[in-house]
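Protein sequences appear in the order of chains A and B. Just so we're aligned, residue 18 is where the first sequence starts under the working numbering, counting upward by one. Just so we're aligned, residue 18 is where the second sequence starts under the working numbering, counting upward by one.
Please note that the accuracy of each hint is not assured.
[Said to hold, decoys possible] Computed beta-carbon distance windows for the label pairs:
hint: 1; chain 1: B; residue 1: Pro142; chain 2: A; residue 2: Ser99; range: 23 to 29 Å
hint: 2; chain 1: B; residue 1: Glu189; chain 2: A; residue 2: Thr190; range: 35 to 41 Å
hint: 3; chain 1: B; residue 1: Gly119; chain 2: A; residue 2: Lys90; range: 52 to 58 Å
hint: 4; chain 1: B; residue 1: Arg185; chain 2: A; residue 2: Gly143; range: 28 to 34 Å
Simulated from the structure, these hints should not be mistaken for laboratory data. Note that beta-carbon positions come from the ideal geometry of N, C-alpha and C, so glycine has one too.
There are 2 protein chains.
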Amino acid sequence: MENETHALRLGVLASGRGSNLEALLEAHDQGRLAAQVAIVLSDRPDAPALDRARRRGIPALVIDPETTRARLKPEIEERYVSALREAGVDWVVLAGFFRIIGAVLLENFPDQILNIHPSLLPSFPGLHAPRQALEYGVRIAGCTVHLVNAEIDQGSILAQAAVPVLDRDDEETLAARILEQEHRLLVETVDRLAQARIRREGRRVLWGETSPGITRPNGGD
Amino acid sequence: MENETHALRLGVLASGRGSNLEALLEAHDQGRLAAQVAIVLSDRPDAPALDRARRRGIPALVIDPETTRARLKPEIEERYVSALREAGVDWVVLAGFFRIIGAVLLENFPDQILNIHPSLLPSFPGLHAPRQALEYGVRIAGCTVHLVNAEIDQGSILAQAAVPVLDRDDEETLAARILEQEHRLLVETVDRLAQARIRREGRRVLWGETSPGITRPNGGD
């Protein structure tokens with residue numbers, strides 16, 4: 018198992034349940050992740066993600082956004098940056114963080130903030146991606162881990178996983194099937210980031226030959 | 018093997034090489050397709066697709082578009098419709114047909130014209146989809162069989178196949194990997210159309226539980 022003092026240090030921002038955070042924590046506990054969660058930050062005092070971290074003795078702070086708007090004020094983002102810096106964070110992972118990342122965080126962690134989105138971007142950016150996919154009628158949905166930039170869900174793509182859409186699917190069943198893959202893809206991608214050095218060619222991200230994250234359909238051919 | 022007099026009759030429109038046409042013809046020859054190509058129509062006298070049909074004794078006509086514009090004149094579309102009607106065509110398949118289908122064909126074959134597009138729609142509609150996918154930097158590309166309507170590449174989706182994008186891919190290698198899946202997906206989808214009765218819910222197409230067309234990455238995880 019990796020020497021933790023040299024493992025990649027993650028700062029996780031989460032507003033909700035934190036199941037993607039849990040996936041990272043479990044993978045680390047099981048030695049499947051060459052990175053450790055150094056701190057968890059939330060905009061919501063009641064976010065279950067906070068308890069998941071504290072149960073493992075990982076610092077978990079609430080930083081009051083002082084607004085209901087999606088976009089954080091710069092002075093609030095400064096507080097996030099300070100907490101992340103104090104924790105010695107290398108990469109920031111948005112794991113269901115219901116706020117829009119602004120210039121202060123982006124400038125302090127350039128190309129070091131990643132997000133997981135429940136669609137095969139560029140299809141279905143924004144809210145309720147599984148619902149959008151069902152309404153459009155795609156037969157293949159999925160999820161995307163991407164770098165965060167100033168435009169929502171438009172940063173360079175690090176990894177994607179495909180998920181079949183079944184006739185019987187409703188938003189809940191499809192979102193659940195996608196979420197399973199989010200957990201796997203996020204862990205795989207962070208682990209690869211900890212061990213690989215990615216290259217950029219325009220929007221394109223290049224790193225080694227293995228292509229993670231295409232799943233077989235349940236009951237498919 | 019199915020009694021051909023009752024098999025679904027296809028009219029295939031092709032401008033180019035006709036490799037998707039060839040996939041349909043081979044599948045039929047091998048008894049893998051409960052449908053037969055009744056006629057092939059092209060806007061180009063030199064389209065190899067014409068020879069592929071004639072070699073099998075299938076009627077193959079060139080209908081001169083009398084224009085270089087992508088959109089056919091209504092009177093030309095009438096000639097396509099007449100030829101398709103005379104051949105007793107049930108479904109029209111666009112297999113690399115480099116023209117935009119207009120009102121005359123759409124009204125004569127409502128929801129009976131299908132197209133195969135080399136992307137996971139709604140991502141990358143229009144020309145050079147594999148190039149668009151590479152430039153955007155997706156890790157999963159694919160192809161889509163969809164019903165043709167008045168808006169280009171926006172008809173209801175019948176089936177999709179996912180294809181991994183590899184670091185070493187250029188437009189040619191990715192397009193070739195997608196094309197392999199186009200052949201498989203088109204044959205599977207036409208065969209299912211010949212045997213299933215699809216239901217529509219808004220844009221969504223429902224037909225039985227199997228979900229075709231998610232492939233595993235070459236050398237993937």
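Checked hints:
1. For Pro142/B paired with Ser99/A, a C-beta distance near 45 Å fails the hint of 23 to 29 Å.
2. Restraint check, Glu189/B to Thr190/A: a C-beta distance of roughly 39 Å satisfies the suggested window 35 to 41 Å.
3. Judged by the Cβ atoms, the range 52 to 58 Å given for Gly119/B and Lys90/A holds: they are separated by roughly 53 Å.
4. Under the hint 28 to 34 Å, the C-beta atoms of Arg185/B and Gly143/A, about 32 Å apart, fit the expected range.
In summary, the one numbered hint that this structure violates is 1.
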